[in-house]
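J.: Protein chains in written order, with UniProt numbering: chain D, 1 to 335; chain U, 1 to 148.
FYI, nobody ran anything at the bench for these hints, they're computed from the structure.
For glycine and all other residues, C-beta sits at the position ideal for the given N, C-alpha and C.
Check the hints yourself; a few may be wrong.
As the list claims (entries may be wrong) - Just the calculated beta-carbon pair ranges, DEER-fashion:
# : chain 1 : residue 1 : chain 2 : residue 2 : range
1 : U       : Leu119    : D       : Ile117    : 31 to 39 Å
2 : U       : Asp42     : D       : Pro204    : 24 to 32 Å
3 : U       : Gly34     : D       : Pro187    : 32 to 40 Å
4 : U       : Pro69     : D       : Arg138    : 29 to 37 Å
As the list claims (entries may be wrong) - Selected chain D positions facing chain U (in silico; Cβ < 10 Å):
#  : residue
5  : Tyr97
6  : Gln141
7  : Thr145
8  : Val146
9  : Lys147
10 : Lys149
11 : Asp205
12 : Gly244
13 : Ile248
Each chain, letter by letter, is given below.
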Amino acid sequence: ESHTQYERVGADVTMKCGSMDWDAAVTWTANGTDIDESHLNGSYLVLKNVDLSQSGQYSCYEGSSWHLKYQTNLRVGMPPKEPVLMCRSNNYPKGFYCSWHLPTPTYIPNSFNISVIHGTKDMVCEKDAVPKNRCHIRYLQLFSTVKYKVTLTVTNPLGKNFTTLTFDEFAIVKPDPPESVVAKPVPNNPRRLEVSWQNPSSWPDPESFPLKFFLRYRPLILDQWQHVELSDGTSHTITDAYAGKEYIIQVAAKDNDIGTWSDWSVAVHATPWTEEPKHLTTEAQITETTSASTSSFMAPPTTKICDKGAVVGSGAMAVCWTAGLVMAAYSVLFI
Amino acid sequence: PTGDSWGIFTFLCAALCNLPALPALNCSEELGAGQSIQQTYDLTRYLEHQLRTLAGTYLNYLGPPFNEPDFNPPRLVRAEPRVPSATVDLDLWRGLTDNARLAANYRAYSRLLCYLRLLDGQVGTAELRHRLAHFCASLQGLVLSIGG
């Protein structure tokens, strides 16, 4: 006969050779390898303080005939710790989903059972095929003031554990981030960036449940974000971008009245429009040198003069432009 | 009387917190409903704000355990005919037109107004009575706005 045996890490395990007597002569193997007699107590195999590496196939053979008398698959593991459960509605008002996981592995198979109670009513949470530790539920009523109670029980051969969440319908609403965020420069406008996005596709009814949005943007070289909250529309024009700087932009969404903000969308990068350098002709070498040096000084303030200190804003821009003009004047003199 | 008043306040909070889910204007029909919906929405939000202040004052008046942050009053599940509930069957709600939704709001807030007027006027402090009177006046304004 053969079966599976589950034991806790650190336990002492005694395995009997089937129905053989204690004083019978037997040989034990672990995954095909003979086990030393020091682990035997008569015909019983004794493993003290087992660890994960001792999982495997244990077989017992009658001494002289080498008949296989008993076989067991030993699986060393642990009872489950309290599971982690999360419920969220990203498709309000259709329903919500719950997902769960164990904080630490048990090393043996676990089964999960989820129950959802709304007042006195039991609701069915339909398990998703992918991902596995997730189920979804459809709302039957809207604007309910009765809380939902979700209980997740995890069971394995060594024990069980559970956790419960209680919440209001509107408290778990959190949309997915906005999709297709696009940021483009605006021709002939060196301080503008045009940003547009779409409602998350999982939000089923933006007509009846409009979303509001939060935009954040900053130039790559700075750490501080600018924020704009938008109560309608899926586009916005940034008008205070620093000329020539590459920006990083993200958008988040929230139902107008209930729930919490979504995670930030995928970040997009964009640089405002800058004027192309004038096309240079060969006849004016002097002009070429001049414009070359002026354009290098009048370029966006990446030179050390302008990065001095942490001062940002139009004041610093004026300083940079002035410095650029001064440099241009000097370079003309030197030619 | 205290239990009853508390009951109405919890219902108010719950009902008002869930009611402002008005549909956006559907331009292809019921154009008249659009402005009424927007007004109703704005007034309801104002009422919600008033109610939070009123509830806070009332809870402090009652003292512990009511004024503790984690106090969670029981929601009245029994069918109290005078206090309206916003809870609605999802498919039923989907099928409502803008005018039907406005009518439902009108009925609910009218009933709420009647109920509040029946509350014992001697309950609580002068400040509470004053706030409640103000709330009723705003609620009356809302009912008239929807109806008119």
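J.: Run every hint past the structure and note whether it holds.
T.: Hints and how they fare:
{"no.": "1", "hint": "Leu119/U - Ile117/D: 31 to 39 Å", "in the structure": "holds, 33 Å"}
{"no.": "2", "hint": "Asp42/U - Pro204/D: 24 to 32 Å", "in the structure": "holds, 26 Å"}
{"no.": "3", "hint": "Gly34/U - Pro187/D: 32 to 40 Å", "in the structure": "holds, 37 Å"}
{"no.": "4", "hint": "Pro69/U - Arg138/D: 29 to 37 Å", "in the structure": "holds, 33 Å"}
{"no.": "5", "hint": "Tyr97", "in the structure": "violated, 17 Å"}
{"no.": "6", "hint": "Gln141", "in the structure": "holds, 5 Å"}
{"no.": "7", "hint": "Thr145", "in the structure": "holds, 4 Å"}
{"no.": "8", "hint": "Val146", "in the structure": "holds, 6 Å"}
{"no.": "9", "hint": "Lys147", "in the structure": "holds, 8 Å"}
{"no.": "10", "hint": "Lys149", "in the structure": "violated, 13 Å"}
{"no.": "11", "hint": "Asp205", "in the structure": "holds, 9 Å"}
{"no.": "12", "hint": "Gly244", "in the structure": "violated, 40 Å"}
{"no.": "13", "hint": "Ile248", "in the structure": "violated, 32 Å"}
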